[in-house]
Structures are given as structure tokens and as C-alpha cells.
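> Construct all of the structure, not just a fragment, from the sequences and the given hints.
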Amino acid sequence: MNFSVLPPEVNSARMFVGAGPGPMLSAAAAWDGLAAELQAAATSFSSVTSELAGAAWQGLASAAMAAAAAPYMGWLTAAAAQAGVAAMAGYHGCASAVAARLTPFQRMPQSLPGQVSASAPAAAPAGPDIALSMFGTTLFQSGTAHATSGFGGVAFAFGANSNATANTTTLTPGFGSFATAVGNNNTAVANGTLCTATVLGNNSNATGGFGGIGSTAFVTGDHSGASAGFSNRDFGNVAAVSGNYSSALAGTGNGNGAVAFGDHSSVRAGGNPAVAGSPASNLNLAFAQGNGNIANAGTLNPNSSNGNVAGILLANNGFASSGDGNANIATVVAGTGNSASASVGNANLAGVYAGTGGSAHAGSGNFNVAGVSGLLPFANNLTSTATGGFATSFRFLPPALDPFGP
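Residue numbers (the UniProt record's numbering): 1 to 406.
Since the hints were made in silico from the structure, they are not lab data. No residue lacks a Cβ here, since even glycine has one placed at the ideal position from N, Cα and C. You may find that some hints are simply not true.
Stated by the list, open to error - Beta-carbon label-pair distances, calculated as ranges: (1) Leu-314 to Thr-138: 44 to 52 Å; (2) Pro-7 to Ala-36: 30 to 38 Å; (3) Glu-37 to Gly-127: 55 to 63 Å.
Take a look at the structure:
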């Protein structure tokens, strides 16, 4: 099809697909030169014939030569002035100026006007999901990520539908808190002074402080959550999770730590944030390493519990609770389905070591100790209970192998 009836976009595309604009520019330059040469020839021929007619050519010969030369001179002049030649010369000058400003050709257009296509052109890709806010100012936001900060806060979100918030409420004043959410569908909230909330995973959340000072919540994993500090008077609480479908809660109080390593586990330390106005619980520690474990240190009642430890190490489906009171310790080490509980009271100790299905319970009272140790490779079920003040109970081997009897 003739280029003159095609849209300019199609002509441009065909030029870039083929040899490019070089041949066209060369042709335009040639036409420009031809027009100049024709014009020069017409001028020269007119000058020569005029001089000859006025000097050497006389009489009938002069008239005959002038009559023969006039049509040729007219043709030269008309050819030089042809609209096509002038247009090509103009196109050459304009195209040369435009070509000098063009950047190198990068890619073909996805679609051209009037072009028949079986499907609509693909939409342009969306921007990355990223947002950054500092000291109350959103510095950058793109995609579905959102970051919000108040004065003195820094929030960063990276991932689809992720949100980070730092120092945004007047109910929990503070300064210098950091919230970071990296992954998809995550939420990180840090409110207070020097509080941090960090999420690295998907569908997880972390809350570092609802006020207070120096609370930290950290999550790495999917579908997990961590919360630390729940009032303006809380200080230095830590909640951390590394795993999937797990949770860590460091409740009201100071210096409480809740740490979970593994999947489907739950740990809690400190006072109960659901009990309004309850006294703070301090220096409680709950940790769990393994899968399907539960560890509680502190109190769920409106009482103060201090210095309690509930720990599970190298075990699965274990349970450890230091109960209500002060300086109670409940530990489970290496086993499956074990339970250790230091119930209501002070300075109670309950421990299960290397057992399967073992249970140790240091009952109500003070200074009670209950311990179980099952060291056989096959299943065992050991129980040790201490109840009352100064009660002591130990069980180290299954009865069948205990030379001293049950």
C-alpha cells in the first residue's frame, strides 16, 4: 500500500522496523540537490541565450535559436519549481532537524490506532508496593503499601497491602518509634518512646507499645503475631516470634519477655492486658522452642506476678506455666506432650526433662519442687506432684527400671 495513504504512525513504525530513516533522508537530500542543480541550469541557460541573442545570434538564425531555447528554459524552470521537489527539500530540512533530536529507538509500540487486535492492549505494570513516612511526612508512597507516622516516628512498608504506623496517636505520646512491615498483608504499629515493631513475612502483625518506653515486637514468619507493652507506664517489654501461626504477648509491666521459636506455638509473659487497671507484673519470661507449645509466665488475674519463668526447649506439644505468684519456674526440656506447672504461690519449681507424656506440678503454697525425668527411648508417662508448703517430689526413672521401687 502507498505510504501516502497510511497513518503517520504506521509510516514511522515501518521506517524503524526496516532500514530506518537513513534512506529516506538520503533520498530527500538527493531531491534537494537535484532541485538546486535544475534551478542553476535554468539560470545559466537563460543567461547564455540572452547574451547570444544580443550579440552572436542575429537575424533569422537568432530568432530560430531563441524560439528553440525558450521551451527548454521554461521546462528547466518549471522542473526546479515543482511542488514535489520543493516539498521533498522542505521535508529533508525538517526531518533532519527532528532526527537530530530523536533518542535511539527502544521498542515497538504495543498497538497502533486503527490496528485490528484480538485482545485489548495489556495495562501498564503497576508501581512497586512501597511507602516511607518520617516525622509526620509521607516521603514516598506507591502501590498498595501505606506508611503513617507522627512527630518523631518513622514508618516503612514494603509489600502488597502492608501497613506501618509509628507515633500517630495523642493517647500514647512518645518519640523515636520505628515501625517496619516487609511482606504482604502485614501490619506493624509502634507507639510510645523508642518503641519498635518489625514484621518480616506475610499475613503477620507486630505491635510495639501502646505508649511506655522501649517496648519491642518482632515477627519473622507467616500468620503470626507479637505484642509488647500495653500502657503508658510499661517499660522494656519484648515479644518475638520466629515461625508460622505462632503468637507472643508481653503484657502489662516492665521487663517482660515472650519469645517463640517454631510453628503453632503461643507464649505469654507479664500482666493480663485484658484486665483494666490491674497491677503491673515485672521481669517475667516465657519462651518456647519447638512446635505446638504453650508457655505462660505471669498472671491472668488482677494480681501482680514478678520474676516468673516458663520455658520449653527442644520439645513439641509441651505446656509450661509458672502460675500466679512470684519467682516460680516451670520448664520442659526435650520431649513430646510434657507438662510442667508451678501453681499459685511463691518460689515453686516444676520441671520435666527428656520425657514423653510426663507431668510435674508444684501445687499451691511456697517453696515446692516437683521434677520428672524420663530417659527411655520409648513412651513413658511420669507424674510428680508437690502440694503445700515445703513439699518436694522427684521422679527420675520409670518404675520398671527404678531399683528402689516407686
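> Hint by hint, where does the structure go against what was stated? Just the numbers, ascending.
Hints that this structure does not satisfy do not exist here, as all of them hold.
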